[in-house]
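Chemist: Single-letter residue listing:
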Amino acid sequence: GAVVSQHPSWVICKSGTSVKIECRSLDFQATTMFWYRQFPKQSLMLMATSNEGSKATYEQGVEKDKFLINHASLTLSTLTVTSAHPEDSSFYICSARTPGYTFGSGTRLTVV
Amino acid sequence: AQKITQTQPGMFVQEKEAVTLDCTYDTSDQSYGLFWYKQPSSGEMIFLIYQGSYDEQNATEGRYSLNFQKARKSANLVISASQLGDSAMYFCAMREGTSGSRLTFGEGTQLTVNP
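From first to last, the protein sequence lines are chains A and B. Position 96 of the first sequence, counting from 1, maps to 96 under the working numbering, and the rest follow consecutively. Position 25 of the second sequence, counting from 1, maps to 25 under the working numbering, and the rest follow consecutively.
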C-alpha cells in the first residue's frame, strides 16, 4: 500500500533556528499533501494544503512566513519552521491524498 | 460550529468486552466520507474504517464496525472483543465533497482497555 515517509521523527532545536520536516511518498505520486499540527492531548489541526508545483494554501491564523511549505515534486513535500520558538513545540504530521489519506509517522519538535 | 463532535474525552472498557465511541457530524454536503483513526502514544495515525455517505450498509473491518445513522448524523465506532492493544486515542474525521478535500477531525476519545 501507499507509504509516506516522514523525517525526522523527533528534533530538538534552539530558539531562533529553523527546522525542516520532510514527507516523501515512497511508491506513489502525491499531488496533494496536508500538514497538521497537534498539541498534547488535542486534535489534529490543519495548517496548510500543498499541491505539487503551486503555492500552499494556509489555514486562517497560520503564519505562512513562519511555516514554509514546499511541494516541488510529486514525491516530496517539506515544512520548514523558521525562527522557531518554544511555542512552536508540537507534533507535526503530514498526510497525502491517495484514494484515502496516507499519513506520515509524525515529527515531534521541541524548541528549547 | 464544530463539524465533528466526539463527546467522550475518555472511555474505559474491560478486556474482551465491546465498546462504542461516539461521533456526530455536521455538513450540508450530500457527498461526504467519515473516517476513524487510531493514534497510539507513538503518534502514528492508523486508519481503521471508512463510511461513505451513499453507502447503505454499515462498514465493517474485522473487530471494527461503524454504526452509521445518516438522519441523526452520527457515525459511532464499535470495537468488539477489546484487547489491551486497543488502548489509544481514537479520532473521527470527515471529508466533505468527493475529492481533494481535507479531513476535519474531532477532538478525540482516549480509550483505555483494562485487563
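Take the hints with a grain of salt, since some may be wrong.
To be verified - Taking lysine to any residue pairs in the SDA-like style, the calculated list, with each CA pair at most 25 angstroms apart, reads:
#1 B/Lys3 x A/Ala56
#2 B/Lys3 x A/Phe91
#3 A/Lys41 x B/Lys70
#4 B/Lys70 x A/Ser43
#5 B/Lys3 x A/Lys20
#6 B/Lys3 x A/Thr32
#7 B/Lys3 x A/Leu46
#8 A/Lys66 x B/Lys70
#9 A/Lys14 x B/Ser42
#10 B/Lys3 x A/Gly61
#11 A/Lys55 x A/Lys41
#12 A/Lys14 x B/Gly43
#13 B/Lys70 x A/Pro99
#14 A/Lys41 x B/Ala18
#15 A/Lys41 x B/Leu84
#16 A/Lys20 x B/Lys70
#17 A/Lys41 x B/Ala88
What the hints assert, rightly or not - Reference listing, derived: stretches of chain A covered by chain B, where coverage requires no fewer than 3 residues with Cβ under 8 angstroms from a Cβ of chain B:
#18 80–90
#19 105–111
Source of the hints: derived by calculation from the structure; they are not laboratory data. C-beta: ideal position from N, C-alpha, C; glycine also.
Chemist: So, for every hint listed, does it hold in this structure?
Modeler: So, going through the hints one by one against the coordinates:
1. Of the pairs offered as hints, the one joining B/Lys3 and A/Ala56 holds, with about 23 angstroms between alpha carbons and a cut-off of 25 angstroms not exceeded.
2. A hinted pair counts as satisfied when its Cα atoms are at most 25 angstroms apart, and B/Lys3 with A/Phe91 qualifies at roughly 23 angstroms.
3. The suggested pairing of A/Lys41 with B/Lys70 is violated, with an alpha-carbon distance near 29 angstroms, which exceeds 25 angstroms.
4. As the CA atoms of B/Lys70 and A/Ser43 are separated by approximately 24 angstroms, the hinted pair is consistent with the 25 angstroms bound.
5. A hinted pair counts as satisfied when its Cα atoms are at most 25 angstroms apart, and B/Lys3 with A/Lys20 does not qualify at roughly 31 angstroms.
6. Distance hint between B/Lys3 and A/Thr32 is fulfilled; the C-alpha atoms sit about 22 angstroms from each other, no more than 25 angstroms.
7. Under the criterion of a C-alpha separation no larger than 25 angstroms, the hint pairing B/Lys3 with A/Leu46 is consistent with the structure, at around 14 angstroms.
8. Restraint check for A/Lys66 and B/Lys70: not satisfied, since their Cα atoms lie roughly 41 angstroms apart, outside the 25 angstroms limit.
9. Pair hint A/Lys14 plus B/Ser42 holds up; C-alpha atoms about 24 angstroms apart against a cutoff of 25 angstroms.
10. For the given pair, B/Lys3 sits about 18 angstroms from A/Gly61 by alpha-carbon distance, which is consistent with the 25 angstroms threshold.
11. Note on A/Lys55 and A/Lys41: the hinted pairing is violated, with a Cα-Cα distance of about 31 angstroms set against a maximum of 25 angstroms.
12. Note on A/Lys14 and B/Gly43: the hinted pairing holds, with a Cα-Cα distance of about 23 angstroms set against a maximum of 25 angstroms.
13. A distance of roughly 23 angstroms separates the Cα atoms of B/Lys70 and A/Pro99; the hinted pair therefore holds under the 25 angstroms criterion.
14. For the hint linking A/Lys41 to B/Ala18, the alpha-carbon distance of about 24 angstroms falls within 25 angstroms, and the restraint holds.
15. Restraint check for A/Lys41 and B/Leu84: the C-alpha separation of about 20 angstroms stays at or below 25 angstroms, so the hint holds.
16. With a CA separation close to 42 angstroms, the supplied pair A/Lys20 and B/Lys70 exceeds the 25 angstroms bound.
17. Annotation: proposed proximity of A/Lys41 to B/Ala88 holds, straight-line Cα distance about 11 angstroms (limit 25 angstroms).
18. Counting residues of the stretch 80–90 of chain A whose beta carbon lies closer than 8 angstroms to any beta carbon of chain B gives 0, which falls short of the minimum of three for the stated coverage.
19. Counting residues of the stretch 105–111 of chain A whose beta carbon lies closer than 8 angstroms to any beta carbon of chain B gives 3, which reaches the threshold of three, so the coverage claim holds.
The structure shown violates the earlier hints numbered 3, 5, 8, 11, 16, 18.
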